[in-house]
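Undergrad: Starting from the structure of chain Z, add chain L where the hints point.
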Amino acid sequence: MNAARWQAVNALFHAVLDCDGAGRQALLESAAASDPELAKEVQSLLARHQPTSSFLAAPAWNVAASLMQDDEPSLVGKQVGSYHILEEIGRGGMGVV
Amino acid sequence: MADDRQSLDSLLPVVYQELRRLAANYLRRERPGQTLQPTGLVHEAYLRLMKDRPDRWQNRAHFCAIAAHSMRQILIERARARVALKRGGVQARVTLDEALVAGGEQSFDLLAIDAALEKLAALDAEQARLVELRFFGGLTVEETAEAMAISPATVKRHWAIARAWLARELEDNSSA
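Quick note, the sequences are listed as chains Z and L, same order.
My numbering applies: residue 1 is where the first sequence begins, and numbers increase by one.
My numbering applies: residue 1001 is where the second sequence begins, and numbers increase by one.
Simulated from the structure, these hints should not be mistaken for lab results.
We put the beta carbon where it would ideally sit given N, CA and C, even for glycine.
Some hints could be false.
Incomplete in silico selection of chain L near chain Z, CB under 7 Å [said to hold, decoys possible]:
#: 1; residue: Y1046
#: 2; residue: M1071
#: 3; residue: L1075
#: 4; residue: E1077
#: 5; residue: F1136
#: 6; residue: G1138
#: 7; residue: K1156
#: 8; residue: R1157
#: 9; residue: I1161
#: 10; residue: A1164
Quick list of the computed label-pair ranges, beta carbon to beta carbon [what the hints assert, rightly or not]:
#: 11; chain 1: Z; residue 1: S53; chain 2: L; residue 2: P1152; range: 28 to 38 Å
#: 12; chain 1: Z; residue 1: K40; chain 2: L; residue 2: D1055; range: 51 to 61 Å
#: 13; chain 1: Z; residue 1: G21; chain 2: L; residue 2: A1115; range: 29 to 39 Å
#: 14; chain 1: Z; residue 1: Q25; chain 2: L; residue 2: R1021; range: 50 to 60 Å
Restricting the straight-line Cα-Cα distance to at most 27 Å, the calculated cross-link-like pairs of lysine-lysine (BS3-like) are [to be verified]:
#: 15; chain 1: L; residue 1: K1119; chain 2: L; residue 2: K1156
#: 16; chain 1: Z; residue 1: K40; chain 2: L; residue 2: K1119
#: 17; chain 1: Z; residue 1: K40; chain 2: L; residue 2: K1156
In isolation and in its complexed conformation, chain Z is listed as follows (with noise of 0.2 Å):
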């Protein structure tokens, strides 16, 4: 794929969705017959397009709040050997407290 036949998969995609049912297919069959590869792509395209899915949805900064929190996972509340832990005291580069 170059960035001139993204351009023609670009025109297809578009054209295909701004068609109803029919028209959709009977624009798919005829661009099949001229260019198999081509509607092959667009097919392949059109069916991940789903405006409702999750997938990019959520902003990264959003999704990724995880990432952003320190790696080390909080052991309040757990035990650890005979002691009990009840509260961090603080944390910094070498280690939680």
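TA: Below, chain L without anything else, positioned relative to chain Z:
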């Protein structure tokens, strides 16, 4: 365009530093489980940097483009650091847990999205920029349209096909 590129390169580190600082502050203040709002971060950084040197910024749209790129860098940097930390361990990939936000179960690989976006940029630089603004910058369709000086309808069309293409790239990636 050359001027644009130059100003982007020189302003990027400024925004990057500011966003990092703000993000760190947010994380200290907020309770675990709460999520960061990218628009809030961007807005705050914008106000602070405007007060500092308003002549540096052409407009808010210009700033948003730089902020989106900085957000991407910050997140990718964190993701890479985490992968390095866990190398040899059980979990080598960094997944974004959407359960945090939507209650859904879908998770995906941030570094894979970044790599796929690089591939998209080779096919269509505008579309890759658009995805960066929306996904990494948290901009709405209308804000993205303003930042790119195109119509909201065009944003929606580009977004639709870019999203379908990226979804397929990530499938191919995970089945490989």
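Undergrad: Does the interface hint hold: is A1164(L) within less than 7 Å of chain Z, judged Cβ to Cβ?
TA: holds, 4 Å
Undergrad: In this structure, is the beta-carbon distance linking S53(Z) and P1152(L) contained in 28 to 38 Å?
TA: violated, 20 Å
Undergrad: Is the interface hint for L1075(L) satisfied, with its Cβ closer than 7 Å to some Cβ of chain Z?
TA: The hint holds - L1075(L) has a Cβ within 7 Å of chain Z, the shortest such distance being about 5 Å.
Undergrad: Regarding the hint that M1071(L) lies at the interface with chain Z, is the smallest CB-CB distance below 7 Å?
TA: Since chain Z brings a Cβ to about 6 Å from M1071(L), closer than 7 Å, the hint holds.
Undergrad: Return the status of the interface hint for G1138(L): holds when the least beta-carbon distance to chain Z is below 7 Å, violated otherwise.
TA: Where the cut-off is 7 Å and the nearest Cβ of chain Z is about 3 Å from G1138(L), the hint holds.
Undergrad: Holds or violated: 51 to 61 Å for the Cβ distance of K40(Z) and D1055(L)?
TA: holds, 52 Å
Undergrad: Mind checking the alpha carbons of K40(Z) and K1119(L) for me, to see if they're no more than 27 Å apart?
TA: The given pair, whose Cα atoms are some 20 Å apart, holds under the 27 Å limit.
Undergrad: Tell me if the beta carbons of Q25(Z) and R1021(L) are separated by a distance inside 50 to 60 Å.
TA: holds, 55 Å
Undergrad: Are K1119(L) and K1156(L) close enough, with their CA atoms no more than 27 Å apart?
TA: holds, 20 Å
Undergrad: G21(Z) and A1115(L), beta-carbon distance inside 29 to 39 Å?
TA: Cβ of G21(Z) to Cβ of A1115(L): about 36 Å, so the range 29 to 39 Å holds.
Undergrad: Going by Cβ atoms only, is I1161(L) closer than 7 Å to chain Z?
TA: holds, 5 Å
Undergrad: Grab the minimum C-beta distance from E1077(L) to chain Z and call the hint holds if it beats 7 Å, violated otherwise.
TA: violated, 10 Å
Hint compliance for this structure: hints 1, 4, 7, 11 are broken, all remaining hints hold.
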